[in-house]
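Protein chains in written order, with our numbering: chain R, 1 to 238; chain V, 239 to 736.
Calculated directly from the structure, the hints in this document are not laboratory data.
Given the structure is predicted, the values throughout are model-derived calculations rather than measurements.
C-beta atoms are modelled at their ideal positions from N, C-alpha and C, and glycine is treated no differently.
Do not rely on the hints blindly, as some may be mistaken.
[Stated by the list, open to error] Derived EDC-like pairs: lysine to aspartate or glutamate, alpha-carbon spacing no greater than 20 Å straight-line:
hint : chain 1 : residue 1 : chain 2 : residue 2
1    : V       : K349      : V       : D314
2    : V       : K323      : V       : E730
3    : R       : K129      : V       : E508
4    : V       : K727      : R       : D65
5    : V       : K723      : R       : D55
6    : V       : K369      : V       : D295
7    : R       : K106      : V       : D314
[Said to hold, decoys possible] Some residues of chain V that are not near chain R, with every Cβ distance over 12 Å (derived):
hint : residue
8    : L307
9    : W410
10   : M511
11   : S577
12   : S588
13   : V670
14   : V702
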Amino acid sequence: MELQINNLVKRFGDKTALDISELSIEKGTLLGLVGNNGAGKTTLFRLILDLLKADSGTVLSKDADVSKSEDWKTYTGSFIDNRFLIDFLTPEEYFYFIGGTYGMDKELVDERLSAFARFMNDEILGQKKYIRHFSAGNKQKIGIMAAIMIRPEILILDEPFNFLDPSSQIEIRDIILRLNKELQTTVLISSHNLNYTTEISNRIILLEKGLIKMDKNNSPEAIAELNNYFIQKAGYEE
Amino acid sequence: MLQKELQQHQWKAFRRNPMFERNLGVRIFMYIMFAFLGLEFLAFGFVLDNLLLQIGDYRLAIDTFNSILLYVFAVDFTIKFFWKKDQSMQIAPYLSLPIKRNRLFDFLLKKEFSNFWNLYLLFLVIPFAFKSITPFFGFWAAVLYIFFFFLLCVCNSLIVSAVNSLIKRSFWFYILAAALVILPFAFPLVLKINLGDYTQLLGEQLLNYNLLVLAGLLLLIAGLWIINRLQMRTDIYNELQGEKADKISSFSSLSFLDRLGAIGDFINLELKMILRSPRLKQQVVFSSALIIGLFLYMLYMPNNAFTKNGPFIFFIYGIMAVGLVGIIMGQYIFTAESSFFDGLMTRKISAYELLKSKYFFYSGYSLLTTLILLVPVFHGKLNGFLLISIFFYTIGPIYFMIFQNAVYNKTYFDLFDKGMMNWKGQSGNMIVISMITMFLPVVVMLILHGIFGATVTYSFMLIVGAAFALTHKYWLGWTYRRFMKRRYKNMEGFRSNA
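Isolated chain V (complex conformation):
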């Protein structure tokens, strides 16, 4: 009865989320993306067995799949780590009711079994399992395997929750999260131990109906269940008492920015906001990890990789590396400040100064990334002219486009909401502007590249980019004036969505 009632409340909370009530654009985009992702996984599931037979050392595709399970779950761990939302505060309103608290914690934990993040891999595994297991082990073995795989997804999710909870207590537990992802890769490379052989053997045992493997996994889930329950209890009390388990951030401010006056104050405020908001921090960490990955790729790729892959990869990698943080943070302009925007608008502060500080901050980050990417340039892996052109093109027309979000953003953004992609605070204009920002400049570059060649294209990027960068005061002013015309609508949106 209680379970049913709570489920109904959750469903209502989901359906009555301002995102659903107000934003058809986001809704449609979300459905299309999920449908596309599901279809892609499904299609891949049908051909995966052939692919594994070609690349694997084992006789059966399922054996190869079992031997790479740790890598699959390392990737799954990473996805869940960044995307999965902390749900413990959802039960806060029920804590004072005559309901046993463990029942509430169990309710949240039971939701793991219907959580999208524990189901998405099944789109891939169901067709694959029936195709690759049934002919050799029978139909029921395939069913058992799918069930086992689903439990592994739940288990991985519980590990993610446990690690996230530990990170709330100390920043150092990020090392544990990184270790869990890196270890499966490090074992064969560093210790010369192939863990894949062990997972393959376990998989084989399971397919031969050795239910001890299943029992072992169930035992592990039970252990993680208890750990999660205990952690939830501590977390929720800390949160309700206002004593966060994690210590106050040691970052106070970058003193050299004080010389910049109001702009410096705003950049310091932006830095604090990013470092203290779990959601923004996750996005910046994710972007930085991606940039590091791109840097390493550029450094270690063969000299002819870009020529071979064509200019598309060339442009998209460059813009992603140089502009990703600006593009990701830029989509939240003024929405990130929505929880204290009334306060800002009544102070002796101009929103124009705020826009300018954001522009300097994102451009500074782009400059830093560009300087780092000079290393691959010196190694002859990247064209220096292109890198400089991409830098100016990013801080020019690309940031010009992303800053238009300041005019249209009117959704409330909870800085302390957990989960990088929970769609709250997301709006249709953000998605449209971000997509245009990421792809339109690349398409323009590709067309120019196709017609005029590299030198003209890079020169065009450099000139246009520099022109926009040099005139930033004017277009920021123009953006500010358009925002001021819409400000009441936006501020009402910030308030009503809160």
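So that you can see chain R by itself, here it is in the shape it has in the complex:
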């Protein structure tokens, strides 16, 4: 099993942000995590990435507890938010630094980045400016590329379609699909964009107030159920 979650609970004060009794994710799964604001999507990702201390329970990555072993870092790529970016570096410096920590030399980083040429749209490399001066969309692209260029076995992206223009959304959708297909990368993405999430995921999990409300393989019935859920949540009848 690639990822195994057991009795995972995270509370912030009196509020339970996440409570998952059991969740298994197999290698090659492309998991779409959906839910309204406050559902616990980012909290779950942070717990998987050992950025938060769980009140109870464990996250096992390839059978190793992520809070006890750091081995998962060698094969996991992730981008949650701008706190993953070193914003006083230029994109080139950032990619080379990240690549260097994974033992990649500059030539290899350049080669891997060349695959993103269309995604970058001539707006990222060679701009002679620091990451902090890029637009939200381009920062998002930099973070996603840095996570993917290491060719991870597990990829975790929080709201990857946010801030991206329509063309880039299509492009990132295809990049994720290719990665999953060619390298059998296990992908976990959260998104509010139901269309893209349901389009690319082979498994969909719906979270509500920290609990798993639905966990199904992607199918027209699952998508219909999701749509109904959100319509009802918006206060409309089915």
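Fit chain V to the supplied structure of chain R, relying on the hints for placement.
Showing chain V alone in chain R's frame:
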């Protein structure tokens, strides 16, 4: 109405700063320091007239004071240059509201009149003015003088803001800042022109109610006001558009560090962080200026200066010169990385490597300073044995202590916040550890020196220092393990304070 609302927002921003909400230690320390500073200035203000009468050539203390005003404001300029915070971005949230932008800029500029940095000298000047002016020129002349002096403080502050804004456009404007500080000293030394005579005359005119002097100053302030307003407009648009006026740093990396692998990568990252963060850069520039000053002092002081002043000065100067950058930067370990710490912790990077790289970097800086200080050693101004002992003592127990910040630091540090000492990102543990680091080793040395004499003390420093330096892997590992136990708490702190 608008002015009042904005003032209320500023007050709320001040009161609701995470530093106030979370850190009682910093708060108490800050209050005590300000109270102490205020009392010291006040006390000095009461005796300043006697002091000036003894050292000055003029008949009246106020004349002597007026003759040294340019030096006073050169020092004031330096303090403000390093300490004063750039406030222009505070009005960013209001720019899209139906408020005229010039009103917002004026709001910030009006704050100069209540800014602490323009008031602190008044603690000194108010008692001094009443004591030295009233008997000769009358009560109202003293009041007028205090008002005039306050306006000079505001004027100086506006000059600092204008120069800081120019520095954002080009690094070369640092030369202008240095020139403004050096010129008052250079005039009498190089050009043999005593500017003090002119400032004394102007002061005398003012005390005789020649209001043209006051009008001239008001005109100067008005000019600076307009310049600052124009600069704010440009700066804020550059910042909001993400196109900083200053060019990208030409420093890319020190290629010889590549041979060190991950450690070299981290040292290069640290160097970039320092050079590209205004706040860290200012601290390192300030420390380096202090080290240069200490170097020159050591080089040109009389041979018996240290003997005369006792070992305290001896130790504190040595440790400051060799360890200051390490101590100042060391207090921000992991806090300086707080804005991208989540990213670091999910990569194939160990925080232990990061700690090790920081240790090598600070030790390298200490080694460089030690090598520079060999010059006074060769001139017979400094004991070589002591210098070597101080070097090892610094990279040993002193860095061991400062690295404990890595375990306890959990405040967010905005690398791009302007102003060297704005207390954001500062925490109680940082202050306590820094104070202990600066003074405890000196106290230990003084006690040893008093009981056993110089040779035993220097030998002790050398042996203890070398022992800590040689075992750095172990205590860094110990520090790392303790950090890992607390990491979630620290990371939550980095996030929640952002």
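Okay, the hints, checked on the actual structure:
Between K349 (chain V) and D314 (chain V) the alpha-carbon distance is near 18 Å, which keeps this suggested pair within the 20 Å criterion. A threshold of 20 Å between alpha carbons decides the hint, and for K323 (chain V) with E730 (chain V) the separation of about 27 Å lies outside it, so the pair is violated. Taken as a hint, the K129 (chain R) and E508 (chain V) pair is honoured in the structure, with Cα atoms around 18 Å apart against an allowance of 20 Å. For the hint pairing K727 (chain V) with D65 (chain R), the CA-to-CA distance comes to about 19 Å; that is within 20 Å, so the pair holds.
The hinted pair formed by K723 (chain V) and D55 (chain R) meets the criterion: a straight-line CA distance of about 15 Å does not exceed 20 Å. Annotation: proposed proximity of K369 (chain V) to D295 (chain V) holds, straight-line Cα distance about 19 Å (limit 20 Å). With a C-alpha separation of about 48 Å, the suggested pairing of K106 (chain R) with D314 (chain V) is violated against the 20 Å cut-off. With a closest Cβ-Cβ approach of about 40 Å to chain R, L307 (chain V) is found to remain outside the 12 Å limit, as its non-interface label requires.
The Cβ of W410 (chain V) sits about 19 Å from the closest Cβ of chain R, beyond the 12 Å cut-off, so the non-interface label holds. For M511 (chain V), the shortest C-beta to C-beta distance to chain R comes to about 6 Å, within the 12 Å cut-off, and the non-interface label is violated. Remark: the non-interface label on S577 (chain V) conflicts with the geometry, its nearest Cβ contact in chain R lying 7 Å away (cut-off 12 Å). Listed as outside the interface, S588 (chain V) is inconsistent with that label: its C-beta sits roughly 7 Å from the nearest C-beta of chain R, within the 12 Å cut-off.
Every Cβ of chain R is farther than 12 Å from the Cβ of V670 (chain V); the closest lies at roughly 26 Å, confirming the non-interface assignment. Taking the minimum C-beta to C-beta distance to chain R, about 34 Å, the non-interface status of V702 (chain V) holds against the 12 Å cut.
Hint violations for this structure: numbers 2, 7, 10, 11 and 12, all remaining hints satisfied.
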